[in-house]
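Enquirer: Heads up, the sequence shown stops at 206 in the working numbering, and the numbers go up one at a time, no gaps.
No lab work stands behind these hints: they were computed from the structure.
Please read these numbers as outputs of a predicted model, since none were measured by experiment.
Among the hints, a few may not be true.
In silico DSS-like pairs for lysine-lysine, Cα to Cα no more than 30 Å straight-line [to be verified]:
#1 LYS34 with LYS205
#2 LYS83 with LYS68
#3 LYS205 with LYS193
#4 LYS105 with LYS42
#5 LYS27 with LYS42
#6 LYS83 with LYS157
#7 LYS68 with LYS80
#8 LYS105 with LYS83
#9 LYS42 with LYS81
#10 LYS34 with LYS46
#11 LYS205 with LYS105
#12 LYS105 with LYS46
#13 LYS68 with LYS42
#14 LYS68 with LYS205
#15 LYS46 with LYS80
#16 LYS81 with LYS46
#17 LYS27 with LYS105
#18 LYS46 with LYS157
#19 LYS42 with LYS157
#20 LYS157 with LYS27
Listed next, with one range per pair, are the computed distances between beta-carbon atoms [stated by the list, open to error]:
#21 THR110 with SER206: 35 to 41 Å
#22 ASN178 with ASP73: 45 to 51 Å
#23 ALA195 with GLN78: 26 to 32 Å
#24 PRO72 with ALA121: 49 to 55 Å
#25 ALA195 with SER32: 27 to 33 Å
#26 GLY198 with ALA22: 20 to 26 Å
#27 GLY116 with ASP58: 20 to 26 Å
Beta carbons are placed, not taken as given, at the ideal position from N, Cα and C, and that holds for glycine.
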Amino acid sequence: MALFTGKGDGGSSKLFDSEPGKRVSKAQPIFECLGQLDELNCLVGWCKTECPDDLFAQEKKVKTILLDVQNHIFTILAEVAGSPKNVPLTSVEHMGELINAIEREMPPITTFLVPGGTELSARLDIARSVARRAERKLVILHESGERQISESSRAYANRLSSLLYALTRLVNKRAGVGENPPDYKS
21 MALFTGKGDG
31 GSSKLFDSEP
41 GKRVSKAQPI
51 FECLGQLDEL
61 NCLVGWCKTE
71 CPDDLFAQEK
81 KVKTILLDVQ
91 NHIFTILAEV
101 AGSPKNVPLT
111 SVEHMGELIN
121 AIEREMPPIT
131 TFLVPGGTEL
141 SARLDIARSV
151 ARRAERKLVI
161 LHESGERQIS
171 ESSRAYANRL
181 SSLLYALTRL
191 VNKRAGVGEN
201 PPDYKS
């Protein structure tokens, strides 16, 4: 596969299910959704590079959890682009179990928390906020009727920001960094 073909220079591209010879304008909402998911995948990879090898969440290395997330994002990207792939419901259930297990280690949340604390937790917070934006684009695409996105892929996208938030809190706790509520300056 060539790095570039030049065919998109005019502002159009092809999707998995594009009719032969038919191209789609890059101004379509589908490409905004694909771009948001791609950005999210890159940010999750950036978080993964900062993870120490001895950072675990429920018997699993956090690096491994984040790689699994990236592979699921690729599945959602493929689905959005017209592939028959989708995230299995078992993956959504597994993510929910992981989030619940991490949360059991943490004190209850009673307020918003100021992002940051460590380099990794700050990266995870950025990824969390982009995950929410990507999910909104996915829902917009689905509800517009432009592309039907499976219920399980939409559920996975919804849970992903919660997983990233749980990991943010876990990273700070393991680093001995306290959680701080905002002061709400006025």
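Enquirer: Each hint should be assessed against the structure and marked as holding or not.
Expert: Here is how each hint holds up against the structure:
Between LYS34 and LYS205 the CA atoms are separated by roughly 49 Å; this puts the pair beyond 30 Å, and the hint is violated. At roughly 5 Å between alpha-carbon atoms, LYS83 and LYS68 fall within 30 Å of each other, so this suggested pair holds. With a CA separation close to 26 Å, the supplied pair LYS205 and LYS193 stays within the 30 Å bound. Distance check on the hinted pair: LYS105 and LYS42 sit about 22 Å apart at the alpha-carbon level, within 30 Å; holds.
With a C-alpha separation of about 12 Å, the suggested pair LYS27 and LYS42 falls inside the 30 Å cut-off, and the hint holds. In summary, the hint linking LYS83 to LYS157 is supported, as the alpha carbons are separated by about 26 Å, within the 30 Å threshold. Note on LYS68 and LYS80: the hinted pairing holds, with a Cα-Cα distance of about 13 Å set against a maximum of 30 Å. Using a Cα cut-off of 30 Å, the hinted pair LYS105 and LYS83 holds, with the two alpha carbons roughly 24 Å apart.
Simply put, LYS42 and LYS81 have alpha-carbon atoms about 44 Å apart, too far for the 30 Å limit, and the pair is violated. Between LYS34 and LYS46 the alpha-carbon distance is near 9 Å, which keeps this suggested pair within the 30 Å criterion. For the hint pairing LYS205 with LYS105, the CA-to-CA distance comes to about 47 Å; that exceeds 30 Å, so the pair is violated. Only pairs whose Cα atoms come within 30 Å are accepted, and LYS105 paired with LYS46 is accepted, the gap being roughly 22 Å.
For the given pair, LYS68 sits about 38 Å from LYS42 by alpha-carbon distance, which is inconsistent with the 30 Å threshold. Taking the CA atoms of LYS68 and LYS205, the gap is near 34 Å; set against the 30 Å cutoff, the hint is violated. Taking the CA atoms of LYS46 and LYS80, the gap is near 39 Å; set against the 30 Å cutoff, the hint is violated. Among the hinted pairs, LYS81 with LYS46 is inconsistent with the structure: their alpha-carbon atoms are about 38 Å apart, more than 30 Å.
For a cut-off of 30 Å, the pair hint linking LYS27 to LYS105 stands: about 26 Å separates their Cα positions. Annotation: proposed proximity of LYS46 to LYS157 holds, straight-line Cα distance about 15 Å (limit 30 Å). With a C-alpha separation of about 24 Å, the suggested pairing of LYS42 with LYS157 holds against the 30 Å cut-off. The hinted pair formed by LYS157 and LYS27 meets the criterion: a straight-line CA distance of about 26 Å does not exceed 30 Å.
The beta-carbon spacing between THR110 and SER206, approximately 47 Å, falls outside the hinted interval of 35 to 41 Å. Our hint of 45 to 51 Å for ASN178 and ASP73 is violated, since their Cβ atoms are close to 30 Å apart. Separated by about 18 Å at the C-beta atoms, ALA195 and GLN78 break the suggested range of 26 to 32 Å. Against the hinted window of 49 to 55 Å, the Cβ-Cβ separation of PRO72 and ALA121 comes to about 20 Å, which falls outside the hint.
For the hinted restraint 27 to 33 Å between ALA195 and SER32, the CB-CB distance of approximately 47 Å leaves it violated. Between GLY198 and ALA22 the CB atoms are about 51 Å apart, so this pair departs from the stated range of 20 to 26 Å. A hinted range of 20 to 26 Å for the beta carbons of GLY116 and ASP58 is consistent with their spacing of about 25 Å.
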